[in-house]
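Trainee: Sequence:
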Amino acid sequence: MSNLALEIRQARQDDAADVAQVYIDSWHDTYPGVLPNGLLRAMTPKGQTARWLAAIRAQAREKVLVADSHHGIIGMASLGPSRDTVLGFDGEVYTLYVDPAYFGQGVGRALLKGAFGTMRRDGMSSCVIWAHARNHARFFYEAMGGKLVAERNAKLMGEACPETAYGWKTLAVAERASAHPDISQK
98 MSNLALEIRQ
108 ARQDDAADVA
118 QVYIDSWHDT
128 YPGVLPNGLL
138 RAMTPKGQTA
148 RWLAAIRAQA
158 REKVLVADSH
168 HGIIGMASLG
178 PSRDTVLGFD
188 GEVYTLYVDP
198 AYFGQGVGRA
208 LLKGAFGTMR
218 RDGMSSCVIW
228 AHARNHARFF
238 YEAMGGKLVA
248 ERNAKLMGEA
258 CPETAYGWKT
268 LAVAERASAH
278 PDISQK
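So the sequence shown is numbered by my numbering: it starts at 98 and just counts up by one.
Calculated from the structure, these hints are not laboratory results.
None of the values given here were measured: they were computed from a predicted structure.
Take these hints with a grain of salt, some might be off.
[To be verified] Dumping the calculated DSS-like pairs for lysine-lysine here, alpha-carbon to alpha-carbon at most 30 Å:
id, residue 1, residue 2
1, LYS266, LYS252
2, LYS266, LYS244
3, LYS252, LYS143
[Stated by the list, open to error] Here are the computed distance ranges between Cβ atoms for each label pair:
id, residue 1, residue 2, range
4, GLU104, ALA151, 33 to 43 Å
5, ALA102, GLY255, 42 to 52 Å
6, LEU253, ALA102, 18 to 28 Å
7, ALA230, GLN110, 15 to 25 Å
8, ALA247, ARG158, 32 to 42 Å
9, LEU184, ALA102, 11 to 21 Å
10, GLN156, ASP187, 25 to 35 Å
All residues carry an ideal CB built from backbone N, CA and C; glycine is no exception.
Just need the whole structure built from these sequences, with the hints factored in.
Mentor: Right under this line is the structure:
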């Protein structure tokens, strides 16, 4: 664990290209052999920048957070109201990705803590996150106190995409548990 100074903040429009690059780099590192190669090849900086610029411009109940360091944007998360009403969680982390060069340095922990705090300020009290069943991040969610609450089979480019959901019933407790002394929050 390094002593990496981060600012977890809401993304600005001028962050869109950096957010897109973190997203692409993370997918290319995490999903080869897991997701269809065509999907990974189709992810272009131009297309992803447009996608994330639209999401950043539209921020209201749904938010995009970034982990900003002296190296630039090295992580991102998107969050908002839960899209699944059956599980009983009112908030959801839609995406959480870290530049692979910064894995294991507390960036994901800081982003998740920032997401929990943002959801609490927006009036949410619980949270769920869905992860591909073969994504190693699921172990991170377990280490952060997330409980396996559901599994489903989604489709991605016509192929089966098994997913697992991790939930936190109480965001106040989850936010405290995610604190780490090696990460400075601004």
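Trainee: Are the hints correct? Go through all of them and say.
Mentor: We went through each hint and held it up to the structure:
1. Between LYS266 and LYS252 the alpha-carbon distance is near 27 Å, which keeps this suggested pair within the 30 Å criterion.
2. Of the pairs offered as hints, the one joining LYS266 and LYS244 holds, with about 9 Å between alpha carbons and a cut-off of 30 Å not exceeded.
3. Of the pairs offered as hints, the one joining LYS252 and LYS143 holds, with about 25 Å between alpha carbons and a cut-off of 30 Å not exceeded.
4. Between GLU104 and ALA151 the beta carbons are some 23 Å apart, a value that contradicts the proposed interval 33 to 43 Å.
5. The hinted window of 42 to 52 Å between ALA102 and GLY255 holds, with their beta carbons roughly 44 Å apart.
6. Under the hint 18 to 28 Å, the C-beta atoms of LEU253 and ALA102, about 36 Å apart, miss the expected range.
7. For ALA230 and GLN110, the Cβ-Cβ distance of about 34 Å falls outside the hinted range of 15 to 25 Å, so the restraint is violated.
8. ALA247 and ARG158 have their C-beta atoms about 23 Å apart, which leaves the hinted 32 to 42 Å range violated.
9. Between LEU184 and ALA102 the Cβ separation comes to about 36 Å, which falls outside the hinted range of 11 to 21 Å.
10. Between GLN156 and ASP187 the beta carbon distance is about 18 Å. The supplied range of 25 to 35 Å is therefore violated.
The structure fails hints 4, 6, 7, 8, 9, 10 (numbered hints given earlier, in ascending order).
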